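Visitor: Knowing the structure of chain A, use the given hints to seat chain B on it.
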Amino acid sequence: QQQVRQSPQSLTVWEGETAILNCSYEDSTFNYFPWYQQFPGEGPALLISIRSVSDKKEDGRFTIFFNKREKKLSLHITDSQPGDSATYFCAVLSGSFNKLTFGAGTRLAVCP
Amino acid sequence: EAAVTQSPRNKVAVTGGKVTLSCNQTNNHNNMYWYRQDTGHGLRLIHYSYGAGSTEKGDIPDGYKASRPSQENFSLILELATPSQTSVYFCASGDVGGSAETLYFGSGTRLTVL
Chain A
-13 QQQVRQSPQS LTVWEGETAI LNCSYEDSTF NYFPWYQQFP GEGPALLISI
37 RSVSDKKEDG RFTIFFNKRE KKLSLHITDS QPGDSATYFC AVLSGSFNKL
87 TFGAGTRLAV CP
Chain B
8 EAAVTQSPRN KVAVTGGKVT LSCNQTNNHN NMYWYRQDTG HGLRLIHYSY
58 GAGSTEKGDI PDGYKASRPS QENFSLILEL ATPSQTSVYF CASGDVGGSA
108 ETLYFGSGTR LTVL
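Order-wise, the sequence lines are chains A and B.
The letter at position 41 of the first sequence is residue 27 when you use our numbering, and the numbering goes up by one with no holes.
The letter at position 108 of the second sequence is residue 115 when you use our numbering, and the numbering goes up by one with no holes.
By construction, these hints were calculated from the structure, which means they are not laboratory data.
Predicted, not measured: the structure shown is a model, and the values here were computed from it.
Glycine included, C-beta positions come from ideal geometry on N, C-alpha and C.
Do not take every clue at face value.
Stated by the list, open to error - DEER-style ranges, computed between Cβ atoms:
1) B:Thr22 with A:Lys57: 34 to 44 angstroms
2) A:Ala95 with B:Thr93: 24 to 34 angstroms
3) B:Pro15 with A:Pro98: 31 to 41 angstroms
4) A:Asp13 with B:Asp45: 16 to 26 angstroms
Claimed, not checked - Here chain A is said to cover these stretches of chain B; the calculated rule only asks that three of the stretch's residues, wherever they fall, bring their Cβ under 8 angstroms from a Cβ of chain A:
5) 73 to 87
6) 113 to 120
Just chain B, same shape as in the assembly:
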């Protein structure tokens, strides 16, 4: 069974502070993704990566950076957190577009920016 682990599970940050959300996968998937989930919007893609060292902008990248230092790890960075970034963030891995075409999601990180 594919495994994607996110940390922390919950995070409270202050406006203007720096936040780093971490994701680790043991599936050896090339592609990793960061989504945020908000009521009425479903899941929206922030950044994604095709492999170590690569990051690509998704549909709503403003205010976020991403880092993929290795095949297993993919981080989402909020340099200057704002209350509008309060949300639930999901990391996923999967070689969508290849032979597998299934995304495996982590359990999410609930971020509150005060």
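With the rest of the complex left out, here is chain A:
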């Protein structure tokens, strides 16, 4: 059973465009949603996160939009740069067990 779904699997945008990565989840008790960024050959690293009490979180060019009612969130990357080319994972915190469950990831390519 897949608790976290991400779409699209892969995305290509031109430099300067806005990339939109989507995530949905099933369990309404989840309350913490981090996004991790992974470059080839490296481990994932925390990029930005949001709690369910908020509907938006912004950090520079990266913004999370959160819709609690629909159990959906999205990561917007504005003014995309070639250096943003990476795989992005949405995750949810299972509070009972202090563990993160990850989605399958979206591979983003930004063309110059």
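Guide: Relative to the frame of chain A, chain B by itself:
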């Protein structure tokens, strides 16, 4: 900066052999985790630990054991390796659920079982 070190970086094993993947963290985090990463599945949790001496089953524990002999070290053990366990394995540390809520990942171990 939090530091998580995995060894080896690459490993080739034979079917039926025993494999041990090692992880060391210098962050003094209570929690440590082992994930495997496969295309189409993302990161899936195998085992985790709340501290020295404790291990807990994650979402896909079958065929794996874990050992947490100290705060710093967390090992993943494949007693009888199978080709289906060919994957990239990541160790992470972090007091998720506490005040920090960030996982710090190592660089991964690429395991190939022939």
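Visitor: Against each hint, give a clear statement of whether it holds in the structure.
Guide: Here is how each hint holds up against the structure:
In this structure the supplied range 34 to 44 angstroms holds for Thr22 of chain B paired with Lys57 of chain A, their Cβ-Cβ distance being about 42 angstroms. Checking the proposed 24 to 34 angstroms range against Ala95 of chain A and Thr93 of chain B shows it holds: the Cβ atoms sit about 26 angstroms from each other. For Pro15 of chain B paired with Pro98 of chain A, a C-beta distance near 36 angstroms keeps the hint of 31 to 41 angstroms intact. The hinted window of 16 to 26 angstroms between Asp13 of chain A and Asp45 of chain B holds, with their beta carbons roughly 23 angstroms apart.
Only residues whose beta carbon comes within less than 8 angstroms of a beta carbon in chain A count, and the region 73 to 87 of chain B has 0; fewer than three means the coverage is violated. With 3 residues having a beta carbon nearer than 8 angstroms to a beta carbon of chain A, the region 113 to 120 of chain B meets the requirement of three or more and the stated coverage holds.
Taken one by one, the earlier hints fail for this structure only at number 5.
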